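**Q** Going down the list, the protein sequences come from chains A and B. Residue numbers for the first sequence follow the numbering used here, beginning at 1 and rising by one. Residue numbers for the second sequence follow the numbering used here, beginning at 1 and rising by one.
It is worth saying that the hints were derived from the structure and are not from the lab. Owing to the predicted nature of the structure, the values given are computational and were not obtained by experimental measurement. Glycine included, every Cβ here is placed at the ideal spot set by N, Cα and C. Careful: at least some of the hints might be erroneous.
[Said to hold, decoys possible] Some, not all, of what chain A presents toward chain B, calculated at C-beta under 7 Å:
| hint | residue |
| --- | --- |
| 1 | Leu-55 |
| 2 | Leu-114 |
| 3 | Val-118 |
| 4 | Ile-120 |
| 5 | Thr-149 |
Each chain, letter by letter, is given below.
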Amino acid sequence: MSVPALTTLPVRIDDLIAAVADPEHGGIATFLGTTRREADRRAFRAIEYSAYSPLAQTEMAAIAAEAHRQFGAVVCIQHRIGHVAVGEASVGIAASAPHRAAAFAACRYAIDELKMRVPIWKRAHFADGTTAWFDEHRTTQPAHDSPGT
Amino acid sequence: MRAYDRIVPDPVTVTVLVFASLRDRLGADECVVRAPHGAALSGVWPLLPEQIRRADAPLGVRYAVNDVWAPAETPLANGDRIAIVVPVSGG
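Just chain B, with the same shape it has in the complex:
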């Protein structure tokens, strides 16, 4: 086996912003999550603190990365500030 075959990319660290009832469940506006290299936005839910992920991810969730809407399949990058946007109810 060549040496570089054993190299495993480092996990990435992202900040996750939550809102509304998720914020109440977390008891904070945000948390820091370490995710495997190559993980997508949609893969963040199982990595969240237990008080959030004890329930299934809400239907109709959208995501943002660094304050811009992003598709669920967007790969996470180290230092990203991602937002889990639950269904909205303004107006």
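So here's chain A without its partners, still in its complex pose:
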């Protein structure tokens, strides 16, 4: 089945699994990135995601193709756009491969690459009503994670 790379609807992991299922494969690894209630000691109501859609879709397809070349895995990636409430998934990945090691590796590769290079941005909506974009260059790891995955 076809799963859109970007969606304003909730991520349905079953759809991603169905998209990569292969009777020749012995393992499917999945990952769901969800909105945490709190990060950096600040409480959130939601995270809002926006994308440069054409290039984000191209880049997500490229990551899936790279994972296939490197691990022999079939990978499906979906990212949600718009407001994602605390506890809901912002990104879903399913990776199927002949064996579990390749499935896990491909799934890990896909989320790591997505976070580094796919043009999608999050804006935190804090519980106190303020907002903040996460779109600045970081030369070191932040002391605390950002509110997404």
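With chain A's structure known, arrange chain B on it following the hints.
**A** Frame of chain A, contents of chain B only:
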């Protein structure tokens, strides 16, 4: 002086897409910029509306031309749709 020595190439007009906090600063998704002939992607920042360029160009910016990644030294062509891609934070 020969006549053609005085010919100055026309400026180019490009559409610039912005995202995230730049979009908030601009108050719009895009703007139109006229740039000198031969200008590169990296030369667009000083030509942007004042509400954006009042701050330095963000570190880690990447560029795209017509929805394809492009190096910062890529020359602008008339009618290009360029994107200023600030550091990403999906996931």
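**Q** Now tell me, hint by hint, if it's right for this structure.
**A** Each hint tested on the structure:
no.	hint	result
1	Leu-55	holds (5 Å)
2	Leu-114	holds (6 Å)
3	Val-118	holds (5 Å)
4	Ile-120	holds (3 Å)
5	Thr-149	holds (4 Å)
When the structure is compared with the earlier hints, no violation turns up for any of them.
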